[in-house]
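**Student:** Chains as they are written, first to last, in the working numbering: chain A, 1 to 423; chain B, 1 to 293; chain C, 1 to 359; chain D, 1 to 301.
There may be inaccurate statements among the hints.
Unchecked claim - Quick partial rundown of chain D residues pointing at chain C, CB under 10 angstroms, derived from the structure:
1. R52
2. T103
3. A107
If you're looking for bench data, these hints aren't it; they were derived computationally from the structure.
Note that the structure is a prediction, hence the values are computed from the model and not measured.
Built from N, CA and C at the ideal position, the CB exists for glycine as well.
The residues making up each chain are set out below.
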Amino acid sequence: MRLRSTSPHGATRLSTVTLAALCVIALSACGARVDAGSPGASSSAESCVDTSGDTVKIGFLNSLSGTMAISEQTVHDSLQLAAQEINADGGVLGKQLEIVSEDGQSEPTVFAEKAGKLITSDCVAAVFGGWTSASRKAMLPVFEAQDSLLFYPVQYEGLESSPNIFYTGATTNQQIVPALDYLAEQGTKSLFLVGSDYVFPRTANKIINAYAEAHDIEIVGEEYAPLGHTDFSTIVNKVKSADADAVFNTLNGDSNVAFFKEYNNAGISAHDMPVVSVSIAEEEVGGIGVENIEGQLTAWNYYQTVDSPANSAFVEAFKAEYGEDRPTSDPMEAAYTSLYLWKAMVEKAESFDVDDVTAAADGVTFDAPEGEVVVNGDNHHIAKTALIGKIGADGLIHTEWSSQEPIEPDPFLEGYDWADGLS
Amino acid sequence: MDIIAQLFAGLSLGSVLLLAALGLSLTFGQMGVINMAHGEFMMAGAYTAFVVQGVIGDAGISLLVALPLGFLVGGLLGLLLEATLIHRMYRRPLDTLLVTWGVALVLQQVARDVFGAPNVDVRAPAWLSGAVEIGGLALPRTRLFILALAIVCVVALALALRATPLGRRIRAVVQNRDLAEASGISSRGTDRVTFFVGSGLAGIAGVALTLLGSIGPTLGTSYIVDAFLVVVAGGIGQIKGTVIAATALGLMQAFFEYSTTASVAKVLVFVAIVAFLQLRPQGLVSVRTRSLA
Amino acid sequence: MTVLNALVRPGRTRTLAAFGLAAALLLLAPVVLSPFRLDLLAKFLCLAMVAVGIGLAWGRGGLLTLGQGVYFGLGAYLMAMHLKLADAGPGGVPDFMLLYGTGQVPGWWEPLRSPVSAILLILVVPAALAALLGWAVFTRRVRGAYFAILSQALAAAFAILLIGQQQTTGGTNGLNGFRAFFGYDLADPVNKQMLYLIAAGVLLVMVAVVRQLTVSRFGELLVAVRDQEDRVRFLGYDPAAVKVVAYVVAAVMAAVGGALFVPIVGIISPADVGVVPSIGFLIGVAIGGRATLLGPVLGSIAVSWAQTSISEQFPSGWIYFQGALFILVIAFLPGGLASVAGTLRRRPAVAGLSERSPA
Amino acid sequence: MSDLSPAAAQPETEIDLAAAEALLGTDTSRFRHDYLEIRGLRVEFDGFVAVRDVDLTVTQGDLRFLIGPNGAGKTTLIDAVTGLVRASGSVAFGRTELLGRSTHRIARAGVGRTFQTASVFDELTVLQNLDIAAGARRGPLTLLRRRPGTPEAVEHALETVGLTALRDVPAGVLAHGQKQWLEIGMLLVQDAHLLLLDEPVAGMTQAEREETGQLLRRIGSQRVVVVVEHDMEFLRSFADSVTVMHQGRVLAEGTVQEVQNDPAVVEVYLGAPAAASDGAAAGATAGAVTSEAATSEGELP
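Construct the entire structure; sequences and hints are all you get.
**Tutor:** Below, the structure is given as structure tokens:
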């Protein structure tokens, strides 16, 4: 009996020895490889994009599941639409586009992983997608390391410029600054800032504070709610007692619904204290409820109601493809535009090679639904026209004010004196 | 005046938490089942309100129809869950947590596939829009309505548990399953009814929440952690504890949020609960039992 | 007698053989897999480290911890902070602080400049937090569902805290864009391979540690505490101390997994540490067999692999699949796949799941 | 599962008193002349007084039985001594005051107990159960290593309670009586010097009772032992003295004979004043006590 209970001892020792041996092998092996490969040999993998056939692969990377699916699905849809149109029209440089779709699952790490897969396993010529800043920040090192291209279609907080990313949404001087210009023009003397607690609202509010100081506007309150926050009675109480001329709203997603219902129920009207939102597009109006948000303001570069032939064609094609009840919005339009811009760049470069495409990018134009846009080759953003809109009873947004002409992108706000020291 | 406004905000938040937690205090508190899909039953209630409004149109009537219907939808989902999965797991309470988490994931995705990913809107009836002015204080009607609804639910549940034969059966099974069975009470039947009522309350909470926030597939996830904290802090097996804990949490969140920020307030509330459980590990109100455990 | 013996004690030779096989496969992987797939596998191994710890705390100790993301996140953030500081160079300021913060490195970041103290902190900080929290909770006899819910709330609070401290933690963006790992260029595929081998080695060490813990007297005591906490108390032990040890070991393993996750994946953000990922860690453990040694590792790797490959095919299919896994495995196969694979082992594995409800 | 049913797989087991000598013989001088002294003990649950004004002294060599109707406070008394419920008054074991200490510290002071429903670690083997019981004073390094063999005390305990052949069987598959013995074995290796046994022979066969009684008597000669028991036959055979509790108080105390003849005891058990002091009353008492034991099975643990 005793023998049996002691016998396993040998086994443990053996396993420990095996383990130690394995670890030594593993570590010594890799040590050697590092010595051999590390100094200066750190070149990124050669591109494996195959352009020899009559198709070329591109990647769409959007969150089709998880919390961000609500927004990113729409971007995905309009990217598909653009690809179909381009293919029907003969493709790019005579090659049909072959779409590889990946789901970012609303998680930055998955975006990084899938970006790597699209570039190195699927060998796509360019990737279109991303929505949250976190997902873009997660993908950025991947695209830089692999020297591949990302087209990012959403307005964002600026302060970024990567040679491997084209930003087709607005940067701050094309959305937030014009909105402030508009408010100042309307005689706004005090502002209350409400935002979700993450990078875009915090950066936006930093800019707003600097602008306000230079333009004699008083910031009477600045509140942040955790992402997904659902109870806004306290924040609305604060807004109400602050009694500002207007509210600048950088809340994200679901929180907008709770905020506007609370705002309305507290008896504050768009007339007393208008709210300017920078994250609410046509898609979101339905979820918030038109009755809760009618008359409030938004700042974008595109509305479904924009009056131009290009937009009529876009809206018509979109509705034909996805249904009459589906509205079009700014990020959708920016995504749609991004694919056409890439096409134009490739055709100008007459090459799918990343270096050739970026070299050819400067000055490329496209007659987008929002109006003509021009690529800035220095910072990889595009010149866009700013539009302040008012939400109507029909659930659509109607332009109230326009910057009249495209504003040159300035992601680091270098052209604004008051913004010194912001970045 | 700000203090009074915050007092109301806190009470109102407390009433929302209470609605979310009341059903849990039955299923978790009385039956020991950790139902993570409770939040999704709330979501089902909210979508019920959406569908009902689509059919009826009039916001007022549809709300009044949706409340009992939401109870029914939540309850039936709960019944289904109990009958297919939970009933075989009463001896493994921790495992119910993971199983119902799986159910929650599936229900969320079902909602996404059926109703689409974007949020939908349920209009509040005219008689609930705007605020009631009392001494210069504007109290939103929707919040007053939810406060009243929470009170009604608590009173009805307390009466049902105390005064009806069904309630007596529920309490008997909770206190001693074997003895109750020996005295002829069908514990299977009682379990089902308890789960039905608990889940039905989640449905009602979901309908009520359409007045305040967004209606989307992830509606439930925003409430589930807070709701469980309420039940834990309130103590097992007593509605009284749940009511006090919900109110206290609501007030704490409102006042912390007022003096700091919403993020910090959430963290502070959590710290307060951990500290509180140091003092009273069994929660506010606990039933002493003479057993080893 | 011998039959009974075999029933009670998992075959040692078999465990050893499985261990050796796993080691061989791990060593073989770099030869067979493309760099991208190898990177993925390395990431899975990091997640499997969390699973090994959960296997000990939950499978053996009955501590259903829904907050392992906190320790995973602590390890990951500490490592990420060190990498950011190292990239910035001596006295330098990480790029995101220049953009979104004050442009100053906060004092509590400074200890992470030195590689040695960074590694020490990665081990010590999570261990200290777990010890403190575990001690507070377990000595007050908070257990079972209460413990699970508290640990879940901890994960929620931790994520909110990280998001709220944008200037010093990167907020929702998290920390990313690392160039080097202790002086080795992260863009170099050879160094990626080295990272993979380190992860594989660390994982094997962890498995060996857990094995030693489970076959030791401590392992028996842990099972005793799981099944009859009060009885153990009447024998003169403090069950809280036993639980704290298991909890701390699990926390440290999660932290190390997180620390290696950072250079391998290149990013850590609050989305990887909150409530949802914390529960996600459990599914692999449950599928593999929570009370077995290799079950959690294999289950975790299998689930990660399934997540990647299924979501490549059917975007929303993964959610259904994950939900179905939770439901089917936990409800109908509580011993995990290990209980099917080894019919001989079935009895102890299944019996291990009858918890005594605290309430 | 079915092939593991206790009846099918297990050999007969029996108590080995000779082996107990080795365990009890290793007695250190630490606990010589032990005694349990309870003074003014009071236990209250939310206003309900479960135990009040209890004074009780039990010395080494006096195998004490504690009896009383359901709800008399017997188990609560043991709970109070072992720190499971909060109590006021004084409980001293030797010179050590036990009240106010945590349960595991009380256990380390040499107090051990069993439960009405045998509580062993079902998933661990008999050997592992005993090894854990023997190890409360082990250092961390010992704990983190595998058991190098069977400790001597555990070996003796296995022989004493007759479970040597079943040492590697999970305790969960043991027969009811065997579990009870295992618990007693655990108390022995735990080196408890105050043993509190809650219905140790409930559910045992007559032969098993006899053996258990012999063992308890042997233990009682060198340890302080308190047995809560309803079985009057067993009590008469083995008790050195008896304490009767009723409604939280001590009703009577003395030898078996004295207690059986106590009018107060008779009144409690029969619900009427004792008529006469003849043997009939005593017999009636015994009968009443036994029948009470039969109903006590339904009592909550």
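**Student:** All hints, please: hold or fail.
**Tutor:** Each hint, compared with the structure:
1. R52: 25 angstroms, violated
2. T103: 5 angstroms, holds
3. A107: 4 angstroms, holds
Comparing the model with each earlier hint shows a violation of hint 1 alone; every other hint is respected.
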